[in-house]
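K.L.:
The primary structure of each chain is shown beneath.
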Amino acid sequence: MNFQDKTTNLTDAPEASTGTTLSARRRSFLGVLIGFITSGIAVPLGLAVGRFTIGPALSDSNAEQWVGAGPLTGIPEGRPVKRIVTISQEVGWGSFTEPGSVWVIRNSEAITVFSAVCPHLGCSINASAKGFICPCHQSSWNSAGVKTGGPTPRDMDVLEHRIENDALLVKYQAFKQGIAQKEKV
Amino acid sequence: MARVSILTRMAATRTAEFRDWFDERTGASETARAALAEPIRGGARWTYVFGSGLAFLAALQALTGIALSIYYVPSSDHAHASVVFIQKAVPAGALLRGLHHYGASAMIVLIVMHLTQVFLFGAYKAKRELVWVTGVVMLLVILAFAFTGYLLPWDQAAYFGTKVGTSIAGEVPVIGEIQRRIMLGGTDLTTLTLSRFFTAHILLFPLALLVMIATHILLFRRAGAAGPYHRRDDHRVDSFYPKQMLMDAVFMLILFVALAVLSTKWPAELGPQADPTSDYLARPPWYFLPLFQLLKYFPGKLSLIPTVLLPGALFTTLLLLPFADRRAERHPLRRPIATGMLALILAGAAGLIVLSKYEDRTNKEFSVKIKEQEEAARAFMTAKFQPQVIGQAIAAMPAAGAPPAAFSENCAMCHGDRGEGNEVGPALTGITEKPGRAPEDLLKLLKDSRAYGLKDPMPESFELAEDEKRQIVEWLKKLK
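Residue numbers (this note's numbering), protein chains in the order written: chain A, 1 to 185; chain B, 1 to 480.
Bound-form chain A, shown alone (with noise of 0.2 Å):
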């Protein structure tokens, strides 16, 4: 079937029949006017809408923080420990106190603090007989952290600490998940 002969511009549109006739330069002049007017509505409305929608989506995390992790007695020698640590975050509309985990391990004196947020895609890392596992899609490492094995793309984030009057202290924050380089977001 041949289309080639058929009419779809809409400025074509027929006249009505005992209307007044508007020259076609008339007509398209009148139809580029409306163009311009919807343009200068919706142009403006759009972008107040994007970057409204937008909003703080594009700006940086502000988790980081130095928060309390617990007392030093009771982390044994080699063997992780879970401590929860309390996060006070600026979200949106509230200021947010909620539970975040970081894994701590003795090494004769030395102290490593671990993210529990799993390089790969996130999910909580948990100990395991070896050292440390990912039970989303079983990324493993050892005790000190170094990748075994998994689609991990890199070893376990250490997180920085410092020891005040017996108590651990640990700066908590975000890395970039799925890259080989330790990166903050």
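Warning: the hint list may mix true and false statements.
[Said to hold, decoys possible] Cβ-Cβ distance ranges computed for the label pairs, FRET-style:
1. A:F36 <-> B:G176: 51 to 57 Å
2. A:N126 <-> B:K265: 54 to 60 Å
3. B:K301 <-> A:S39: 39 to 45 Å
Since the hints were made in silico from the structure, they are not lab data. Ideal placement from N, C-alpha and C gives every residue a C-beta, glycine not left out.
We have chain A already, so just place chain B on it with the hints.
P.N.:
For chain B alone, coordinates are given in the frame of chain A:
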């Protein structure tokens, strides 16, 4: 050059081919052409822009409403905080909330103008009865939108306005109490009320309005435009495109610019969070003022007249109008009863609005209170955005330990269970390090707070034993 022109021609052929392919399957250009070629008897007119203007406003309300719902939380303990966030912190938030707020009022103004125009032109008569009926139903839907949307910010005006509104719904004989409880989701205005108002406002009513708009336009297209009542121009017929469409577009632009200017110059008001214990003087939004004013003239049992009987009679009359008034005559001056009634209703409504404003302004007690409330709302609007604190009390616990019983009994009501502060009193965290608030100052302050410049509602003197005061101050020293 030749190469380029061949390429352009090839591209043009491809585009045309695609257009034909698409058209054969969808009939898009045929539909568009039919829509644009709609004949307008008597020619394009500025008096016809209200319908398109309303469709535009409905679309604008939908768009801004969807945007607002990204951040809004329909729960009584966070709704206000989330609206404050939208208003003060989200980029373009004040503009979009303003467009939505003023857009709602504009819809009510415009639908009244639209109905008035159709009424004066006698365009509700034979074969357009159902177009009119669907239009009147949409007026009801829009009022329902306004009523439910008004509560969502959960500020003082929203809370008390809705309280009065739902109480009025409860006064209807027989079904009143059940109706009120179903509206509220219980015996009182609570977070459950907010949830159901929200669902009605963003899901139920939009769906209803969408169906009504589609039906309205379909029925209108089927009947065709009535043309002016004088029929002088009946020989002239314009197609919708381009003249009427241009007029409609210009009107939409005017509406949009006006709403944007209003939202920027006079941001949509937002008062302090609803406080059920306050003695807030509730006033309905302007479009409910006529009923509010009438309520003053019909005390007690008679209040059913303005709250139920009059609105009921008005809407019944409007709905039945095309079936009651069946004469072919369309000229407004040759329909003196109908036109007179319309003029009376419009002038009456406008007069009642003016009267209620006038009475509030001239009544000493009311005007002072309203001014106070407006001041509070203005102060709240200009204050910097502060995120709502959630769960901070737990964080303050470990260092200071549990507060002494004397604190819990005397101070916690205003300063929070752990001195974290609340709507009444400020937080006391780190207070002993502030000037004039050293421990020995605090001991004296608890004897005579006025000497330290403190005002109501901090009590002048406390009935506390010396060692109770010392316990409190000792605890405050640790509160960091």
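K.L.:
The structure should be examined with respect to each hint, and the outcome stated for every one.
P.N.:
Hints, one by one, checked against the model:
1. In this structure the hint that A:F36 and B:G176 lie 51 to 57 Å apart at CB holds, the actual value being about 54 Å.
2. As the Cβ distance of A:N126 to B:K265 is approximately 57 Å, the hint placing it in 54 to 60 Å holds.
3. Here the CB-CB span from B:K301 to A:S39 is close to 58 Å, at odds with the stated 39 to 45 Å.
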